[in-house]
Amino acid sequence: MIVYILKRLAIAIPTLLTLIIASFVLMHVAPGGPFTAERAVPPEVLANLNAKYGLDQPLWRQIATYLWNVVAHFDFGPSFTYKDRSVNDIIAQGFPVTLTYGFLSFITAVLVGVSLGVTAAIKRNSWLDYLAVGISIGAQVLPNFVMAPILVLIFTLSLHWLPGGGWSFDDPRFWIMPVIALSTSYMASIARITRSSMLETLSSNHIRTARAKGLPKRKIILRHALKPALLPVISYLGPAFVSMITGSVIVDVYFTTGGIGKSFVDSALNRDYAVMMGITILLGTLTILFNLVVDIIYGWIDPKIRY
Amino acid sequence: MVIDETKMTSLAEATSREDVAGRSLWADARRRFFRNKAAIFGLGLLIFVVSFALFGNLLAAWNNSDIDYNVMGDATASAPSLANGHYFGADDLGRDLFARTVQGTQISLLVGVIGTLIAVSVGTVYGAISGYFGGRVDGFMMRLVDILLAIPYMFVLILLLVMYGRSIGMLFVGVGLISWLEMARIVRGQTLTLKNREYVEAARAIGVPAPTIIRRHILPNLVGVVVVFATLLVPLMILTESFISFLGLGVQEPQTSLGALISEGAGTMSYGTLWQLAFPLFFFVITLFGFYFVGDGLRDALDPKER
Chain A
1 MIVYILKRLA IAIPTLLTLI IASFVLMHVA PGGPFTAERA VPPEVLANLN AKYGLDQPLW
61 RQIATYLWNV VAHFDFGPSF TYKDRSVNDI IAQGFPVTLT YGFLSFITAV LVGVSLGVTA
121 AIKRNSWLDY LAVGISIGAQ VLPNFVMAPI LVLIFTLSLH WLPGGGWSFD DPRFWIMPVI
181 ALSTSYMASI ARITRSSMLE TLSSNHIRTA RAKGLPKRKI ILRHALKPAL LPVISYLGPA
241 FVSMITGSVI VDVYFTTGGI GKSFVDSALN RDYAVMMGIT ILLGTLTILF NLVVDIIYGW
301 IDPKIRY
Chain B
1 MVIDETKMTS LAEATSREDV AGRSLWADAR RRFFRNKAAI FGLGLLIFVV SFALFGNLLA
61 AWNNSDIDYN VMGDATASAP SLANGHYFGA DDLGRDLFAR TVQGTQISLL VGVIGTLIAV
121 SVGTVYGAIS GYFGGRVDGF MMRLVDILLA IPYMFVLILL LVMYGRSIGM LFVGVGLISW
181 LEMARIVRGQ TLTLKNREYV EAARAIGVPA PTIIRRHILP NLVGVVVVFA TLLVPLMILT
241 ESFISFLGLG VQEPQTSLGA LISEGAGTMS YGTLWQLAFP LFFFVITLFG FYFVGDGLRD
301 ALDPKER
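Listed in order, the protein sequences are those of chains A and B.
For reference, each letter of the first sequence is one residue, going 1 to 307 in the UniProt record's numbering.
For reference, each letter of the second sequence is one residue, going 1 to 307 in the UniProt record's numbering.
Hint data in this document are derived by calculation from the structure and do not stem from the laboratory.
Careful, some of the hints might be misleading.
Each pair of labels, with its calculated beta carbon distance range [to be verified]:
| id | chain 1 | residue 1 | chain 2 | residue 2 | range |
| --- | --- | --- | --- | --- | --- |
| 1 | A | Thr18 | B | Gly169 | 17 to 27 Å |
| 2 | A | Val25 | B | Phe140 | 17 to 27 Å |
| 3 | A | Val71 | B | Gln252 | 33 to 43 Å |
| 4 | B | Ile67 | A | Thr256 | 27 to 37 Å |
| 5 | B | Gly165 | A | Leu67 | 23 to 33 Å |
| 6 | A | Leu6 | B | Leu93 | 51 to 61 Å |
| 7 | A | Ser115 | B | Arg216 | 49 to 59 Å |
According to the in silico footprint, chain A covers these stretches of chain B (three or more CB under 8 Å from chain A) [said to hold, decoys possible]:
| id | segment |
| --- | --- |
| 8 | 246–253 |
| 9 | 266–278 |
| 10 | 283–295 |
Straight-line distance between alpha carbons at most 30 Å, and here's what the computed DSSO-like set of lysine-lysine pairs gives [unchecked claim]:
| id | chain 1 | residue 1 | chain 2 | residue 2 |
| --- | --- | --- | --- | --- |
| 11 | A | Lys123 | A | Lys219 |
| 12 | A | Lys219 | B | Lys7 |
| 13 | A | Lys123 | B | Lys7 |
| 14 | B | Lys195 | A | Lys7 |
| 15 | A | Lys123 | B | Lys37 |
| 16 | B | Lys7 | A | Lys217 |
| 17 | A | Lys7 | B | Lys37 |
| 18 | B | Lys7 | A | Lys227 |
In this text, a Cβ means the ideal position worked out from N, Cα and C, and glycines have one as well.
Build the full structure now, drawing on both the sequences and the hints.
As structure tokens, then:
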């Protein structure tokens, strides 16, 4: 097991380095720096600015400094647009919000998706099954940026039940729409995957044996069928996590929740490379860590994995 | 929104099964495809969307860039009406929404198809080479794919678009270049089984060089998987493009795409101009449905297995 974990780590670390170095190099070969504004800056000022942010150093040196600061001090440097704020400040402000509704959405998607899928598989060809399949097909074409306006249209503009945007940690009414918008399409995918893998498991030999020796249906499903049926779901969690993180950008922008995604889009529009890189690296790290955890869980559940 | 990998592997196995004498795999598949009602429905939707994109402009009473000052900024006058030629209404600048939707559909389809072509050609060649040569080459090439897959690509794509200009060309390349990875994995898997076939062995024995074997014997046998994967990839590309355009980072005015139109519609929704959201959304949804149904139909036709 330890060897397996170490092997996974051996992939995770180069991935992270590749991400950091690649985005750094991309940023530097790009035409136009962070200080090329519409209004031309005098060359002396530009030289001073570049010196202040270390942009006059050779590229390898800048990468080394940046890497060192990120790894050793968790410091993403100053923002290029806001003189009084560092990238860390911007992240610290928005990240808790994103993390809160992201976590809630993920849990919702997994719990609802798995139960929907299992129910559909057990009650095959019943109205429940058709409903579950119908929902999962419908949700496939309703990504977060389509869900968000539709939800606002229904719950804010027509029914006046929920606030159309904003965020408060104390008031769950602000959480509902972001969570629904973000989780729906993943919930649908998870339900579909669970259903088809549950159906396959239910027709396998060990389930037939369990039924033959007269175990109650409940026990068969919870004890014997659920675990193998969840394997494809677990391997889907990694990609789902990545695209949920991406989807949080839409939620932040559309619902003005003040999360990290809005800062990313703003910094993209302002060409504030430091903030963009900081957020990309932070979310990349999260993704990589999450994949690591998923791999370990997978290796733990599936006895066929050799390590 | 991730293509289910287990289904693709099962498909890969089915298409690489050796043909039994009798009807060919393709004739069989065609028969099954045309018996599948969902697939035919999807095909119908696609034909409708494509003809709308190609010939819609012939029906339009207005040009997509002309401004109708009679309806500009007037929420009631810009409603859909046959009398003034705005069949789908007008947007907040008084431009004809019918013509704009035609334009948006064209661009979305174009991004989807070109992005897919890039992804499929890069992925197929990469996967075939990696699988055919095997050993250390394969190990290195696949490790690279693993690393790239773990990066939250949407952020990198936005980074690229911001740094190198938000042009449609850049969007094509960016969207295509990040989605060849899964294709490469699947193609590699199938190449591994194909390369041990007798005819490949025979070709090697009479001294056919590796590039010729790949071109003549491996690639033609990959067509099934590649076609299905490509059909399912197009809607993902369209989703990606719409996502970026929704944030305002993709296609720029005066050009537009379905994502950009949905974004505009969602922004003006609260003034009661619902048609600005509804029509682009309708075309977006049926395009995705069409591609999904046809893709699933093709997969089931090539790999008949009860799910």
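Evaluation of the provided hints:
At roughly 26 Å, the beta carbons of threonine 18/A and glycine 169/B sit within the given window of 17 to 27 Å. Taken as a hint, the range 17 to 27 Å holds for the pair valine 25/A and phenylalanine 140/B, whose Cβ atoms sit roughly 21 Å apart. The hinted range of 33 to 43 Å is satisfied by valine 71/A and glutamine 252/B, whose Cβ atoms lie roughly 38 Å apart. Taken as a hint, the range 27 to 37 Å holds for the pair isoleucine 67/B and threonine 256/A, whose Cβ atoms sit roughly 30 Å apart.
Range check, glycine 165/B to leucine 67/A: about 28 Å between beta-carbon atoms, so the 23 to 33 Å window is met. The hinted range of 51 to 61 Å is satisfied by leucine 6/A and leucine 93/B, whose Cβ atoms lie roughly 59 Å apart. Taking the beta carbon of each, serine 115/A and arginine 216/B are about 50 Å apart, inside 49 to 59 Å as hinted. Residues of the segment 246–253 of chain B with a Cβ under 8 Å from some Cβ of chain A number 4, which satisfies the need for three, so the listed coverage holds.
Evaluation of the coverage hint for the segment 266–278 of chain B: fulfilled, as 5 residues show C-beta separations to chain A shorter than 8 Å, against a requirement of three. With a threshold of 8 Å between beta carbons, the proposed coverage of the segment 283–295 of chain B by chain A holds, since 5 of its residues qualify and at least three are required. Only pairs whose Cα atoms come within 30 Å are accepted, and lysine 123/A paired with lysine 219/A is accepted, the gap being roughly 16 Å. With a C-alpha separation of about 28 Å, the suggested pairing of lysine 219/A with lysine 7/B holds against the 30 Å cut-off.
For the proposed pair lysine 123/A and lysine 7/B, the alpha carbon gap of about 23 Å is at most 30 Å, so the pair holds. Of the pairs offered as hints, the one joining lysine 195/B and lysine 7/A holds, with about 28 Å between alpha carbons and a cut-off of 30 Å not exceeded. Between lysine 123/A and lysine 37/B the alpha-carbon distance is near 24 Å, which keeps this suggested pair within the 30 Å criterion. A C-alpha spacing of about 28 Å is found between lysine 7/B and lysine 217/A, which places the hinted pair at or below 30 Å, so the restraint holds.
As the CA atoms of lysine 7/A and lysine 37/B are separated by approximately 47 Å, the hinted pair breaks the 30 Å bound. Of the pairs offered as hints, the one joining lysine 7/B and lysine 227/A holds, with about 19 Å between alpha carbons and a cut-off of 30 Å not exceeded.
Hint 17 alone, counting from the list given before, is not met by this structure.
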